[in-house]
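J.: Keeping their order, the protein sequence lines are chains A and B.
Going by numbering that gives the first Met the number 0, the first sequence opens with residue 0, and the numbers climb by one from there.
Going by numbering that gives the first Met the number 0, the second sequence opens with residue 0, and the numbers climb by one from there.
Rather than coming from a laboratory, the hints here were simulated on the basis of the structure.
Just so you know, even glycine gets a beta-carbon here, dropped at the ideal spot from N, CA and C.
Each hint can be trusted.
Pair ranges (Cβ atoms, derived):
#  : chain 1 : residue 1 : chain 2 : residue 2 : range
1  : A       : P51       : B       : R215      : 56 to 62 Å
2  : A       : D39       : B       : E454      : 58 to 64 Å
3  : B       : P318      : A       : P51       : 45 to 51 Å
4  : B       : E129      : A       : R25       : 36 to 42 Å
5  : B       : T1        : A       : R327      : 36 to 42 Å
6  : B       : Q371      : A       : E24       : 54 to 60 Å
7  : A       : P51       : B       : R250      : 47 to 53 Å
8  : A       : L315      : B       : D157      : 26 to 32 Å
9  : A       : D378      : B       : R161      : 44 to 50 Å
10 : B       : Q371      : A       : P51       : 28 to 34 Å
There are 2 protein chains.
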Amino acid sequence: MTPEEFRRYGYQTIDWIADYLARPERYPVLPSVKPGQLTDALPARGPEFGEPMDAILADFERLIVPAMTHWNHPGFMAYFANSSSEPGILGELLAAALNGNGMVWKSGPAVVELEQVTLRWLRQWTGLPEDWFGTIYDTASVGSMHAVAAAREAADPDSRTRGTPPGLVVYASEQAHSSVEKGTIAVGIGQDNFRKVPVDAEFRMNPDALAALIERDLAAGLRPCCVAATVGTTSTTSVDPVPAIADICERYKLWLHVDAAYAGSLMLAPEFRWAFAGCDRADSLVMNPHKWLMTPMDCSAFFTRRPEILRNAFSLIPPYLRTPDHPRALNLMDYGVPLGRRFRALKLWFIMRTYGREGLAEILREHVRLAQDLALEIDADPRFERTAPTPFSAICFRYKGTDDENRQIQERVNATGEVFISGTELHGRFSLRIAIGNRGTGSEHVARVWELIREAV
Amino acid sequence: MTPEEFRRYGYQTIDWIADYLARPERYPVLPSVKPGQLTDALPARGPEFGEPMDAILADFERLIVPAMTHWNHPGFMAYFANSSSEPGILGELLAAALNGNGMVWKSGPAVVELEQVTLRWLRQWTGLPEDWFGTIYDTASVGSMHAVAAAREAADPDSRTRGTPPGLVVYASEQAHSSVEKGTIAVGIGQDNFRKVPVDAEFRMNPDALAALIERDLAAGLRPCCVAATVGTTSTTSVDPVPAIADICERYKLWLHVDAAYAGSLMLAPEFRWAFAGCDRADSLVMNPHKWLMTPMDCSAFFTRRPEILRNAFSLIPPYLRTPDHPRALNLMDYGVPLGRRFRALKLWFIMRTYGREGLAEILREHVRLAQDLALEIDADPRFERTAPTPFSAICFRYKGTDDENRQIQERVNATGEVFISGTELHGRFSLRIAIGNRGTGSEHVARVWELIREAV
Numbered sequence: 000m001t002p003e004e005f006r007r008y009g010y011q012t013i014d015w016i017a018d019y020l021a022r023p024e025r026y027p028v029l030p031s032v033k034p035g036q037l038t039d040a041l042p043a044r045g046p047e048f049g050e051p052m053d054a055i056l057a058d059f060e061r062l063i064v065p066a067m068t069h070w071n072h073p074g075f076m077a078y079f080a081n082s083s084s085e086p087g088i089l090g091e092l093l094a095a096a097l098n099g100n101g102m103v104w105k106s107g108p109a110v111v112e113l114e115q116v117t118l119r120w121l122r123q124w125t126g127l128p129e130d131w132f133g134t135i136y137d138t139a140s141v142g143s144m145h146a147v148a149a150a151r152e153a154a155d156p157d158s159r160t161r162g163t164p165p166g167l168v169v170y171a172s173e174q175a176h177s178s179v180e181k182g183t184i185a186v187g188i189g190q191d192n193f194r195k196v197p198v199d200a201e202f203r204m205n206p207d208a209l210a211a212l213i214e215r216d217l218a219a220g221l222r223p224c225c226v227a228a229t230v231g232t233t234s235t236t237s238v239d240p241v242p243a244i245a246d247i248c249e250r251y252k253l254w255l256h257v258d259a260a261y262a263g264s265l266m267l268a269p270e271f272r273w274a275f276a277g278c279d280r281a282d283s284l285v286m287n288p289h290k291w292l293m294t295p296m297d298c299s300a301f302f303t304r305r306p307e308i309l310r311n312a313f314s315l316i317p318p319y320l321r322t323p324d325h326p327r328a329l330n331l332m333d334y335g336v337p338l339g340r341r342f343r344a345l346k347l348w349f350i351m352r353t354y355g356r357e358g359l360a361e362i363l364r365e366h367v368r369l370a371q372d373l374a375l376e377i378d379a380d381p382r383f384e385r386t387a388p389t390p391f392s393a394i395c396f397r398y399k400g401t402d403d404e405n406r407q408i409q410e411r412v413n414a415t416g417e418v419f420i421s422g423t424e425l426h427g428r429f430s431l432r433i434a435i436g437n438r439g440t441g442s443e444h445v446a447r448v449w450e451l452i453r454e455a456v
Numbered sequence: 000m001t002p003e004e005f006r007r008y009g010y011q012t013i014d015w016i017a018d019y020l021a022r023p024e025r026y027p028v029l030p031s032v033k034p035g036q037l038t039d040a041l042p043a044r045g046p047e048f049g050e051p052m053d054a055i056l057a058d059f060e061r062l063i064v065p066a067m068t069h070w071n072h073p074g075f076m077a078y079f080a081n082s083s084s085e086p087g088i089l090g091e092l093l094a095a096a097l098n099g100n101g102m103v104w105k106s107g108p109a110v111v112e113l114e115q116v117t118l119r120w121l122r123q124w125t126g127l128p129e130d131w132f133g134t135i136y137d138t139a140s141v142g143s144m145h146a147v148a149a150a151r152e153a154a155d156p157d158s159r160t161r162g163t164p165p166g167l168v169v170y171a172s173e174q175a176h177s178s179v180e181k182g183t184i185a186v187g188i189g190q191d192n193f194r195k196v197p198v199d200a201e202f203r204m205n206p207d208a209l210a211a212l213i214e215r216d217l218a219a220g221l222r223p224c225c226v227a228a229t230v231g232t233t234s235t236t237s238v239d240p241v242p243a244i245a246d247i248c249e250r251y252k253l254w255l256h257v258d259a260a261y262a263g264s265l266m267l268a269p270e271f272r273w274a275f276a277g278c279d280r281a282d283s284l285v286m287n288p289h290k291w292l293m294t295p296m297d298c299s300a301f302f303t304r305r306p307e308i309l310r311n312a313f314s315l316i317p318p319y320l321r322t323p324d325h326p327r328a329l330n331l332m333d334y335g336v337p338l339g340r341r342f343r344a345l346k347l348w349f350i351m352r353t354y355g356r357e358g359l360a361e362i363l364r365e366h367v368r369l370a371q372d373l374a375l376e377i378d379a380d381p382r383f384e385r386t387a388p389t390p391f392s393a394i395c396f397r398y399k400g401t402d403d404e405n406r407q408i409q410e411r412v413n414a415t416g417e418v419f420i421s422g423t424e425l426h427g428r429f430s431l432r433i434a435i436g437n438r439g440t441g442s443e444h445v446a447r448v449w450e451l452i453r454e455a456v
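One chain only, chain A, in its complex shape:
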């Protein structure tokens, strides 16, 4: 492609995106495609010779866009809603053009240093200890797996050489994200050694139950090594009592990992810092700018105050990657599994500068306010009940009827294409779930989803 052609198609793509972002509502938030429909519409074989970009862009609009679930749609209120943003998109565009790779400092000084700079800014903005170490992974699942691996290393430094010893135990609440359990499986501790700690009526880990489980495991000759607390669980956004859990971790010398993948962004707004009390006592913490900081997938920030443990667990320097030691030339490959590292910090830097801390905090505040208002509306309708507290921007509730009736409400609402809400299971019953987190979502969208739900009864 000549520079002129790139310019032409680049402008055309920018125009398409400008229109798309200006009104994502032109598309239904959930597509109407059936499984396999896109696959069947595409050629069974890749082309032998090149095709013109006009044809590709036309197919993009004709086939790909209608098969997208539109995460950038203001009616997206499922899972944890999020959005990309113009500065994030431009940052990603430049990162793709530079194609930097920060596996070692020398292979990408800017990749490595900007990652450290943006994560330092993030620690300052969130009130996390400034001397912690940070690195960016693709997802919180990968971050949490590294936390469990670090806990294993801290509990038994021979793990690296001899393999995961038998009897290590990892704890998280019944409401913790599945990735903690998956990480426990991945690093060879095993699902039988993953304890789901009971929660209280508000879905928060019960620290007494945690302590009791630890005591039981110790009495059985097992070796507790890690507790994963969650600030903002995936189903209900409940907040585990981190100070009490930190006490227990200190008493038993366990690695404390905090999963703040969703809620962590709220630390940017001081009035929400209450939820993060005790997090400064953690050994590691994960939060996802790609969830609530307007950052395109993927960008998950992993912090630890004990980077030397990660290094001990993972550093392996082959001859073809040896570089002279320098105290300020960090080789990020030493801290985990992935070797190649794309320039994820660039988009984060663009976003942090474009919005500023206060600009981002203001968006989050508004999302929480919208959710609180909707919670009051739900409470005021006798046909509905909330099924969990609403500390932040996600609301769990149900129609006072059968699970099937609730599922039908969800289906009818989602079938409109105007909104996308998800569901979860609480106390053995199906709950509807609305998560507000898209920057385009305003009071009119929240009013509309509530209207659609009431109409669907």
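Fit chain B to the supplied structure of chain A, relying on the hints for placement.
T.: Coordinates of chain B only, in the frame set by chain A:
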């Protein structure tokens, strides 16, 4: 940012990229920054309030670009050289704008299906079995870790619940990439149970030595579970004898993983298929479009003929992600550690269509031809010697002098800013290493690096 502002800054960014790609040589391939220099040039704290995009883009040019190692520079001949391409950049731009997330089918039908379609095309283009399953990870390191985890699961289905059993053993050659060893550490098998199989004079795994190690381990009561063969090792691009290794794996019922991260792309050109004989007998194989298929970081293709093993190892479906079963609605989260998945297939689709199989093959052929020509030149100069065969596009060689003299040559050459070559250690001595893989690299760049090297003696 208003749509008009996005359009303006978007055009400006596209213009910058068009100019950058038209002449990346305007920048030195290796930057002259010192460790910490960029960090010190950036504010110690992130901004409280937003800043204008003009300022951010200006800082990008003033501070970030001069601190980049330019992987898109035609003089980049270190590690495995690669490049992004215009269609890949446009695909990445659109992926960032759509911000899709393919954790389950419903959350991104196009994300999930296009990944399957492009990987199917890739299997056809490479001659790999069409019925294999494929998924995209960020890096080959993560792919290889999943291969070792699958091998663990296949060897002992109780691993998932009880943890990694003691005594499992993983084998790879002395020349295998460090990620196989790292994956063995990560999944809890342990470095002591990782065997570095000796290689022959041409750096290929010795299958007799492999069989002998397996027999020794069996006699010691250990449980061999996995062999990782490499087609195109990282130091010398040597090719392990996969057919003989596959025989051994079948005899002992071991998981055969093939690391073809670099060379795998060459399967697109039929004349290189010899190097991949036996790969159709593997249990898993990894190849990186982000290495040699003009794809911006990151995009690593992982194939397996036994996806049910990965599923058994990793599937965990929490209530908030339950979706109705449908045979064509794949939930990719079930096959590994990462839950969130960005739309990596979009750029790959743009690239596969823009170039076609033959267009990509032709670029690779030319790179190999350039490397072969340079190898002949090196052979013809009595002051130098090649230190390994050159089957593909990477050349290992040395000045017939001390290691220090060779290191000085490397430093002098790299200090010109015109080229970036790396080094490695072979038979205990330092070798220079030139890897050709940037789409802009032509005979003039290869002539120039050879000229610079001879001048540096």
